[in-house]
Amino acid sequence: MPQIKRSELPTLLTDTPTITACPLFLFFGERYLAREAADQLQAALLKQGGGALHPIDGDQEDSGQTLARLMSFSLLPGKQIYRVSDSRIFLSKTVAGTIWEKAQQNHDGGKSAAAMRHIIAFAKVGSVAIDSPTAFSEIPGSQWEKLFGSAKPQGDLSWADNLLKEAVGTGRMGKGGATDMSDRYIEAFTSGIPKQNCLILTAETVDKRQRLFTFIKKSGIVVDCSVAAGASSQAQQEQKDVLKEMLYKTLSGFGKKIEPRAVEMFFDRVGFHPVAVVTETEKLALYADDRPMITCADLEAMVGRSREDALFELTDAFGKNQVGRTLSILGRLQENGTHGLAILATMRNYLRKMLVFRSLQLSPSPPWHKGMNAKQFQSHYLPALKEKGQWDELLGGHPYALYMSFTKAGDFSCNQLKKCLTLLLEAEFRLKGSPLPQHIVLEEMFLTMLKRP
Numbered sequence: 005m006p007q008i009k010r011s012e013l014p015t016l017l018t019d020t021p022t023i024t025a026c027p028l029f030l031f032f033g034e035r036y037l038a039r040e041a042a043d044q045l046q047a048a049l050l051k052q053g054g055g056a057l058h059p060i061d062g063d064q065e066d067s068g069q070t071l072a073r074l075m076s077f078s079l080l081p082g083k084q085i086y087r088v089s090d091s092r093i094f095l096s097k098t099v100a101g102t103i104w105e106k107a108q109q110n111h112d113g114g115k116s117a118a119a120m121r122h123i124i125a126f127a128k129v130g131s132v133a134i135d136s137p138t139a140f141s142e143i144p145g146s147q148w149e150k151l152f153g154s155a156k157p158q159g160d161l162s163w164a165d166n167l168l169k170e171a172v173g174t175g176r177m178g179k180g181g182a183t184d185m186s187d188r189y190i191e192a193f194t195s196g197i198p199k200q201n202c203l204i205l206t207a208e209t210v211d212k213r214q215r216l217f218t219f220i221k222k223s224g225i226v227v228d229c230s231v232a233a234g235a236s237s238q239a240q241q242e243q244k245d246v247l248k249e250m251l252y253k254t255l256s257g258f259g260k261k262i263e264p265r266a267v268e269m270f271f272d273r274v275g276f277h278p279v280a281v282v283t284e285t286e287k288l289a290l291y292a293d294d295r296p297m298i299t300c301a302d303l304e305a306m307v308g309r310s311r312e313d314a315l316f317e318l319t320d321a322f323g324k325n326q327v328g329r330t331l332s333i334l335g336r337l338q339e340n341g342t343h344g345l346a347i348l349a350t351m352r353n354y355l356r357k358m359l360v361f362r363s364l365q366l367s368p369s370p371p372w373h374k375g376m377n378a379k380q381f382q383s384h385y386l387p388a389l390k391e392k393g394q395w396d397e398l399l400g401g402h403p404y405a406l407y408m409s410f411t412k413a414g415d416f417s418c419n420q421l422k423k424c425l426t427l428l429l430e431a432e433f434r435l436k437g438s439p440l441p442q443h444i445v446l447e448e449m450f451l452t453m454l455k456r457p
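Numbering (our numbering), first residue to last: 5 to 457.
If you are wondering where the hints come from, they were derived from the structure by calculation, not from laboratory data.
Treat the hints with care, as some may be off.
[As the list claims (entries may be wrong)] Lysine-lysine pairs mimicking DSSO-like chemistry, simulated, CA-CA at most 30 Å apart: (1) K455 - K357; (2) K222 - K212; (3) K199 - K156; (4) K412 - K422; (5) K156 - K324; (6) K423 - K436; (7) K324 - K436; (8) K212 - K150; (9) K244 - K287; (10) K357 - K150; (11) K455 - K422; (12) K97 - K9; (13) K253 - K324; (14) K248 - K287; (15) K222 - K374; (16) K248 - K9; (17) K357 - K374; (18) K261 - K287; (19) K115 - K412; (20) K379 - K115; (21) K9 - K221; (22) K106 - K261; (23) K412 - K379; (24) K97 - K423; (25) K115 - K222; (26) K9 - K156; (27) K287 - K253; (28) K156 - K244; (29) K392 - K150; (30) K212 - K379; (31) K97 - K150; (32) K51 - K324; (33) K324 - K455; (34) K392 - K156; (35) K221 - K97.
[To be verified] Label pairs and their in silico Cβ distance ranges: (36) G145 - Y36: 45 to 55 Å; (37) A56 - E304: 40 to 50 Å; (38) S195 - T299: 33 to 43 Å.
C-beta: ideal position from N, C-alpha, C; glycine also.
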């Protein structure tokens, strides 16, 4: 059966003969959405004739043992569903860079559990020795490229070493290899497994070039649960559509509705975080008690703004020289308890990145010109920059995101950015040693920075 979108799943679930006969399912993409979609399939399968669920944690899975269980006849009646969450079987060097980025982003955002999950996956891609306390730091640059297909990140990697060490110590790092099992799985499902058994896999990241992925598309069912990333209007609309679906579905379960103007306010505060959308919606429904309608006042009382998203929006508003929006987001950040020094740290990273990119643009080679399109940037300019071997930590992101950052950097001059960094340093000294209220120091700094020539 061909690959389908998550939105097509409800139609598929009505086709009982197809889903009952299928022995192999894969749900990939956004983690929460993939799990929720797999839950729907699981419920539909068990509803037909009963059975049992055998959950398996992909972080600790022994793939060989899972395959052996799939090949065995069960004494239990009904459908026997073996469900592997966060499967590692599709990992390869092709997706290693994406996994590392997710690990670093979650670590920087204080999400240690998610960061550890991605570090475990990354370590399994390269078969990293788990008995060393400095497993990542000690890998030479040349060996790193062979293992993971990309240049070794610059800077201190002790955070990754510590996460892996903790994963091993707490038993989260299983010994089961994944990537070398693909051929055995293909052989097993080609020969046929007992009809009462089926395998459901969920994964955030997959290498679509793998033989196993192609095999499942042909002989099983693949459900794409990914959502467009980025800040383009198309991506944001897709994200908003997904969140609206989850919002209304959750409210429906409580018999509640929400004011139309409160919907935009809700998304503005929560951002694209599916888990947060569900939990915050449940909080609102319970807070409303016996009232059928959720209002803006309920949101003000119960839903805090996502700090991570708000900080990103702050730099976005600043980069677009939107004074009113910048001050509004700044105010909300402080209302929700974000410390001034955290705001300054975000701005320092942003300004430093802009200064580096602007300096690179002024370099004679490779030549940069205003109005360069994304294709020229990705095909010629960015590869030429990377060949120099400088600023690898800043040039390792998604090409289109880098293109947008370079385009924004072109709106500044180096002198402007240096002046902004000076103003930021002065504001930091004031926050640490001046009796002035935090909001006055920050507002004055932003107003001065935004007075561009």
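Against the structure, the hints:
no.: 1; hint: K455 - K357; verdict: 20 Å, holds
no.: 2; hint: K222 - K212; verdict: 13 Å, holds
no.: 3; hint: K199 - K156; verdict: 46 Å, violated
no.: 4; hint: K412 - K422; verdict: 16 Å, holds
no.: 5; hint: K156 - K324; verdict: 33 Å, violated
no.: 6; hint: K423 - K436; verdict: 20 Å, holds
no.: 7; hint: K324 - K436; verdict: 29 Å, holds
no.: 8; hint: K212 - K150; verdict: 20 Å, holds
no.: 9; hint: K244 - K287; verdict: 20 Å, holds
no.: 10; hint: K357 - K150; verdict: 29 Å, holds
no.: 11; hint: K455 - K422; verdict: 14 Å, holds
no.: 12; hint: K97 - K9; verdict: 26 Å, holds
no.: 13; hint: K253 - K324; verdict: 36 Å, violated
no.: 14; hint: K248 - K287; verdict: 16 Å, holds
no.: 15; hint: K222 - K374; verdict: 46 Å, violated
no.: 16; hint: K248 - K9; verdict: 17 Å, holds
no.: 17; hint: K357 - K374; verdict: 18 Å, holds
no.: 18; hint: K261 - K287; verdict: 14 Å, holds
no.: 19; hint: K115 - K412; verdict: 29 Å, holds
no.: 20; hint: K379 - K115; verdict: 34 Å, violated
no.: 21; hint: K9 - K221; verdict: 13 Å, holds
no.: 22; hint: K106 - K261; verdict: 35 Å, violated
no.: 23; hint: K412 - K379; verdict: 17 Å, holds
no.: 24; hint: K97 - K423; verdict: 42 Å, violated
no.: 25; hint: K115 - K222; verdict: 37 Å, violated
no.: 26; hint: K9 - K156; verdict: 35 Å, violated
no.: 27; hint: K287 - K253; verdict: 14 Å, holds
no.: 28; hint: K156 - K244; verdict: 36 Å, violated
no.: 29; hint: K392 - K150; verdict: 20 Å, holds
no.: 30; hint: K212 - K379; verdict: 23 Å, holds
no.: 31; hint: K97 - K150; verdict: 9 Å, holds
no.: 32; hint: K51 - K324; verdict: 53 Å, violated
no.: 33; hint: K324 - K455; verdict: 12 Å, holds
no.: 34; hint: K392 - K156; verdict: 15 Å, holds
no.: 35; hint: K221 - K97; verdict: 21 Å, holds
no.: 36; hint: G145 - Y36: 45 to 55 Å; verdict: 36 Å, violated
no.: 37; hint: A56 - E304: 40 to 50 Å; verdict: 46 Å, holds
no.: 38; hint: S195 - T299: 33 to 43 Å; verdict: 59 Å, violated
In summary, the numbered hints that this structure violates are 3, 5, 13, 15, 20, 22, 24, 25, 26, 28, 32, 36, 38.
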